[in-house]
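Line by line, the protein sequences give chains A and B. Per full-length UniProt numbering, the very first residue in the first sequence carries number 1; after that it's consecutive. Per full-length UniProt numbering, the very first residue in the second sequence carries number 1; after that it's consecutive.
Honestly, the hints are just simulated from the structure, not real lab data. Treat the numbers as computed from the prediction; the structure is a model and nothing was measured. The beta-carbon is built from N, C-alpha and C at its ideal position, and this holds for glycine as well. Hints are not guaranteed to be accurate.
Here are some chain A residues the structure puts well away from chain B; computed CB gaps all over 12 Å [unchecked claim]:
| no. | residue |
| --- | --- |
| 1 | I29 |
| 2 | F34 |
| 3 | L38 |
| 4 | L64 |
| 5 | T101 |
| 6 | I105 |
| 7 | K142 |
| 8 | Q151 |
| 9 | T153 |
| 10 | H156 |
Simulated coverage check for chain A against chain B, where a stretch passes if three residues somewhere in it have a Cβ under 8 Å from a Cβ of chain B [claimed, not checked]:
| no. | region |
| --- | --- |
| 11 | 91-97 |
| 12 | 123-131 |
Label pairs and their in silico Cβ distance ranges [said to hold, decoys possible]:
| no. | chain 1 | residue 1 | chain 2 | residue 2 | range |
| --- | --- | --- | --- | --- | --- |
| 13 | B | G221 | A | E120 | 31 to 39 Å |
| 14 | A | I105 | B | T39 | 54 to 62 Å |
| 15 | B | T39 | A | D45 | 53 to 61 Å |
| 16 | A | Q151 | B | I224 | 53 to 61 Å |
| 17 | B | A243 | A | W40 | 20 to 28 Å |
| 18 | B | T101 | A | Q151 | 50 to 58 Å |
| 19 | A | I110 | B | I199 | 17 to 25 Å |
| 20 | B | R262 | A | I110 | 15 to 23 Å |
| 21 | A | R146 | B | W253 | 40 to 48 Å |
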Amino acid sequence: MAVQPPVAQDVRRTMIAAILLGIGFMAAIDEIIFHQLLAWHHFIDTGSTALALASDGILHTMELVLFIVGAFMMIELHGRRAQAPGYRGPGFLLGMGGFQTFDGIVDHKILGLHQVRYVEHVWLYDIAWIGAGLILLAIGWKLLQRARQGQATSQH
Amino acid sequence: MTSHSSLHDTTMTMGATSAVALLLIALVWLAYLSGVWRTRRQKPWPWWRTLLFTAGCATLAVAFWPSLMHAAHQDVRMHMVVHLLLGMFAPLGLVFATPMTLLLRNLPSGGGRRLVRFLGTWPMRVLTHPVTAAILDIGGMYLLYMTSLYAHSLHTPWLSNVLHLHFVISGALFTWAIAGPDPAPHRPGWRTRMAVLFIAMAAHATLGKLLYAFGFPRGTGADIEELQQAAVWMYYWGDLAEAVLVAVLMLAWLRRRRRMARPAGAASDMRPS
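Bound conformation, chain A alone (with noise of 0.2 Å):
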């Protein structure tokens, strides 16, 4: 039989800096990985509005405070003895799966900030992208719900 679970749990503040944390965990592994050591992507296309400039910085912003805003919200938590265990992993997963999707859709192909790669075919590496964003989605959604049945592995 499942242990019940301290009454102290913080479920919504526990998804919410988990999430925040995925979302910019997600963002940096796009920046490190693929903006600077793959250099597949270009910093921006030339050919970029300014207003697609202006999105994409307040995009940046985001990212990189609510990271901060996350880690901190966890320490917080961590301090009061409120996270909630089974609810930190679908919150990371959703959060990157989120982020992966978002910057494959409206990124790259609505504002056209940079293309994947800068191949012929590029729409295969589109598919990969957001099929990776959607995977990632799924897979945190799947856990989310067994953490609602109380059966997520960190809640034994």
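Based on these hints, arrange chain B on the given structure of chain A.
Positioned in the frame of chain A, the structure of chain B alone reads:
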């Protein structure tokens, strides 16, 4: 006047600027140290604050070092390095060393009261408001890099000196207005400061992308690759300095939440929420 002799003039003026700046930095640093030494018998001054001030002064000194100043005059990438050191990194050290608190400790009580009253006058309150500070700091950068001001400053030594001074003062003012640890009774609340910081960061990131995409600052004769490298450095290194400010604001949030949680926990039987 031939171009050679004007170049020679610029070199001479830069040498003078370096010498004066380094002297001033040394004097300010010594003043801080003597302030710490004079009041050592009161409450001991935290050693890490002295260390921060030293690091801030050292950062300024590096930025004003003659060889770096010459390189920055030739190369827009080196200019960006100087800009980051003066406007973003040195202020972190200088402001978090709480020089105002140290000054108040060293002033006789009458002088301290006058200083506090002066800081409370409305022109000072407008000047030190986070919105004003953000406009002076980030707005100044838009003005410098998106207009011909930067190209103009390369041939006008006094303008170049004013710009360097502006970087330091507006950077320190912004850092202090957003997250300065000195007591500031008239400072707006946490939310306002976080919102202003967010907008300033987004404006800074957008400026980095604008410089890259449209090849600013113009009229310098620099390659597009050099301009783009400068823009990328401004974007990522700027992030790092701004992330420190976000973390300092979040640390204040964490402390306040923990302070509020303690009495609330004791009284939770009476007032369930």
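Status of the hints after comparison with the structure:
no.	hint	verdict
1	I29	holds (15 Å)
2	F34	holds (14 Å)
3	L38	holds (16 Å)
4	L64	violated (6 Å)
5	T101	holds (22 Å)
6	I105	holds (20 Å)
7	K142	holds (32 Å)
8	Q151	holds (30 Å)
9	T153	holds (29 Å)
10	H156	holds (28 Å)
11	91-97	violated (count 0)
12	123-131	violated (count 0)
13	B:G221 with A:E120: 31 to 39 Å	holds (37 Å)
14	A:I105 with B:T39: 54 to 62 Å	holds (60 Å)
15	B:T39 with A:D45: 53 to 61 Å	holds (57 Å)
16	A:Q151 with B:I224: 53 to 61 Å	holds (57 Å)
17	B:A243 with A:W40: 20 to 28 Å	holds (25 Å)
18	B:T101 with A:Q151: 50 to 58 Å	holds (54 Å)
19	A:I110 with B:I199: 17 to 25 Å	holds (23 Å)
20	B:R262 with A:I110: 15 to 23 Å	violated (48 Å)
21	A:R146 with B:W253: 40 to 48 Å	violated (32 Å)
Violated hints for the displayed structure, listed by number in ascending order: 4, 11, 12, 20 and 21.
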